[in-house]
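Undergrad: Construct the entire structure; sequences and hints are all you get.
The sequence shown maps to residues 1 to 422 in this note's numbering.
Each hint should be verified, as a subset may be incorrect.
Said to hold, decoys possible - Under the rule of at most 20 Å between Cα atoms (straight-line distance), these lysine to any residue pairs were calculated in the SDA-like manner:
#	residue 1	residue 2
1	K198	V134
2	K192	E135
3	K313	E283
4	K313	S292
5	K48	S61
6	K192	Q180
7	K167	K192
8	K164	K198
9	K209	K152
10	K298	L342
11	K62	L50
12	K192	E127
13	K48	P249
14	K192	R224
15	K62	A19
16	K313	V235
17	K302	S292
18	K198	G208
19	K167	Q180
20	K198	T178
21	K62	S72
22	K59	S46
23	K192	E139
24	K209	T49
25	K62	S26
26	K209	A126
27	K313	I291
28	K130	F161
29	K152	L174
30	K62	T49
31	K48	M104
32	K209	V235
33	K152	T178
34	K302	Q257
35	K59	N74
36	K48	S72
37	K48	L258
38	K130	K167
Simulated from the structure, these hints should not be mistaken for laboratory data.
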Amino acid sequence: MPRTILFILTFGLSLPAHAYPVPLGSAPELREAAQGFAQQHPSQLSAKTLTRILVGTDKPSKSSSSQSWLKSLNEALEKDARFEIETAQALRLEVAQSYEASAMLNLEQVQLRARMGHDAVASLLAEGQKLQAVELARENLRRFPDIAIDRKRHPPTVVDFFKKQLKHNNNSPLVPLTFQGSMPGTLYADGKLLGPLKGETVYRLMPGKYKLWIHQAGAPMLVRPISLSSTPLAVTFDPPLDRALRVLPHPHLACTQLCEVLLGKFAQRLGTSTLDGIRPAPEGNELYEVISVDTAGKVLRKTLINRHGLTVKLAAPAPASPGFQSSNTSETFNTFSALWLLPGGVGQFSQGRIGWGIAWATLETGLLAWNIHSRVRYDKNDPETDWAKTQTNISGYSLWAIGAIGVLEAVITGLLEEPKPE
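TA: If you want it as structure tokens, here you go:
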């Protein structure tokens, strides 16, 4: 039994958080290399963390079609009329979730999100759920105060209810929000018009969470999530950086020139002294270099890696001999990784060989389940004790043998040849 417990602990160890170097470009190969490098160099910064910092959600989406939101809201009204309240509120919740997950916003989407709040409050009032209606109305008025309720769609009682909650919000304290930097277009905090961004501007908002976005900036820009507490907050906009930030199809900087400077500015926004980025290496041969820059954009160090994120080293070119010309003047070798010594396909996963990793993990999990089942029957003095003992021994020896073979295969593959993608 101790060997079973030991194997479970070893197999169940979770890998540490991955350091995710910011790709300087949107190529899928850069993303694959960045993820592979992250697995070899643990840190606190992951791709999901980076995306959440940028737009406030781990799984952002492209700007959803406003027509689909409008269709859902109209369908929710029809469900309300047939007293299918839960279905109606579920449709409105989908619109709200799509809004929160949007990487970019426009005025039409913000107006539809405000209408969703108006309709939801009206539905709650009709059902007699006043406390929930009060909370939702105040939240909607805080985030979308400049978008008036449609008096043609809602009765006077609902309009008066919103007016009453607006008076409550007007008595709430406001927090100074300072914006630094100049950007073309008009700044919004969800549905509240703030105004132009020129130099240093101060606006006042109620405490809470907001999504900042710019209307008519000339180029699509990511939303900017902020959380206001009782203390003043300063937000800096940098035109070159904000235009280069992207989160789809993965977090990266869309830049071709001065990427080191932009990476340094991004480090300032994250509040770190250094930040890593990844780009194609000048050596070519499907190699990439990870650069670490400071906040001024100065490159502190470079690491050469292959397309799987494994560190490589260029060998000195061999001297040319008469009548022979080498077709490849450089070669790479892989550095040893402690992850290769873990069973359960961990070594194969760390090398980017997902299919092999799944195969080893499945095989060893099956043997482990067989061993545990046989051990349980043997420990409970099953009538077929001899059979259970035999099965326990066979499964246990097989488990250790397969685990050792899997580790050996990962070590040999990692040292002797470059792993191939599945």
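Undergrad: None of the hints should be skipped; say for each whether it holds.
TA: Now the hints, each set against the structure:
1. Simply put, K198 and V134 have alpha-carbon atoms about 37 Å apart, too far for the 20 Å limit, and the pair is violated.
2. Note on K192 and E135: the hinted pairing holds, with a Cα-Cα distance of about 19 Å set against a maximum of 20 Å.
3. The straight-line distance between the Cα atoms of K313 and E283 is roughly 11 Å, inside the 20 Å bound, and the hint therefore holds.
4. Straight-line distance between C-alpha atoms of K313 and S292 comes to about 18 Å, which keeps the hinted pair within the 20 Å bound.
5. Among the hinted pairs, K48 with S61 is consistent with the structure: their alpha-carbon atoms are about 13 Å apart, no more than 20 Å.
6. Annotation: proposed proximity of K192 to Q180 holds, straight-line Cα distance about 19 Å (limit 20 Å).
7. For the suggested pair K167 and K192, the alpha carbons sit about 17 Å apart, so the restraint of at most 20 Å is met.
8. Distance restraint check for K164 and K198: the Cα-Cα separation of roughly 35 Å exceeds the 20 Å cut-off, and the hinted pair is therefore not satisfied.
9. Between the alpha carbons of K209 and K152 the distance comes to roughly 30 Å, so the proposed pair goes past 20 Å and is violated.
10. Note on K298 and L342: the hinted pairing is violated, with a Cα-Cα distance of about 38 Å set against a maximum of 20 Å.
11. Restraint check for K62 and L50: the C-alpha separation of about 17 Å stays at or below 20 Å, so the hint holds.
12. Restraint check for K192 and E127: not satisfied, since their Cα atoms lie roughly 29 Å apart, outside the 20 Å limit.
13. For a cut-off of 20 Å, the pair hint linking K48 to P249 stands: about 12 Å separates their Cα positions.
14. A C-alpha spacing of about 14 Å is found between K192 and R224, which places the hinted pair at or below 20 Å, so the restraint holds.
15. Between the alpha carbons of K62 and A19 the distance comes to roughly 25 Å, so the proposed pair goes past 20 Å and is violated.
16. Between the alpha carbons of K313 and V235 the distance comes to roughly 42 Å, so the proposed pair goes past 20 Å and is violated.
17. At roughly 7 Å between alpha-carbon atoms, K302 and S292 fall within 20 Å of each other, so this suggested pair holds.
18. Between K198 and G208 the CA atoms are separated by roughly 24 Å; this puts the pair beyond 20 Å, and the hint is violated.
19. Distance restraint check for K167 and Q180: the Cα-Cα separation of roughly 31 Å exceeds the 20 Å cut-off, and the hinted pair is therefore not satisfied.
20. Between K198 and T178, the direct Cα distance comes to roughly 11 Å. Compliance with the 20 Å bound is thereby established for this hinted pair.
21. With a C-alpha separation of about 18 Å, the suggested pair K62 and S72 falls inside the 20 Å cut-off, and the hint holds.
22. Annotation: proposed proximity of K59 to S46 holds, straight-line Cα distance about 13 Å (limit 20 Å).
23. The straight-line distance between the Cα atoms of K192 and E139 is roughly 13 Å, inside the 20 Å bound, and the hint therefore holds.
24. A hinted pair counts as satisfied when its Cα atoms are at most 20 Å apart, and K209 with T49 qualifies at roughly 18 Å.
25. Between K62 and S26 the alpha-carbon distance is near 15 Å, which keeps this suggested pair within the 20 Å criterion.
26. Straight-line distance between C-alpha atoms of K209 and A126 comes to about 28 Å, which puts the hinted pair past the 20 Å bound.
27. Between the alpha carbons of K313 and I291 the distance comes to roughly 15 Å, so the proposed pair stays at or under 20 Å and holds.
28. A distance of roughly 10 Å separates the Cα atoms of K130 and F161; the hinted pair therefore holds under the 20 Å criterion.
29. Taken as a hint, the K152 and L174 pair is broken in the structure, with Cα atoms around 32 Å apart against an allowance of 20 Å.
30. Between K62 and T49 the alpha-carbon distance is near 18 Å, which keeps this suggested pair within the 20 Å criterion.
31. Of the supplied pair hints, the one linking K48 and M104 holds, its CA atoms being roughly 17 Å apart against a limit of 20 Å.
32. Under the criterion of a C-alpha separation no larger than 20 Å, the hint pairing K209 with V235 is consistent with the structure, at around 14 Å.
33. Only pairs whose Cα atoms come within 20 Å are accepted, and K152 paired with T178 is rejected, the gap being roughly 38 Å.
34. For a cut-off of 20 Å, the pair hint linking K302 to Q257 stands: about 18 Å separates their Cα positions.
35. Taking the CA atoms of K59 and N74, the gap is about 26 Å. The hint is violated against a cut of 20 Å.
36. At roughly 29 Å between alpha-carbon atoms, K48 and S72 are farther apart than 20 Å, so this suggested pair is violated.
37. With a CA separation close to 25 Å, the supplied pair K48 and L258 exceeds the 20 Å bound.
38. Distance hint between K130 and K167 is fulfilled; the C-alpha atoms sit about 17 Å from each other, no more than 20 Å.
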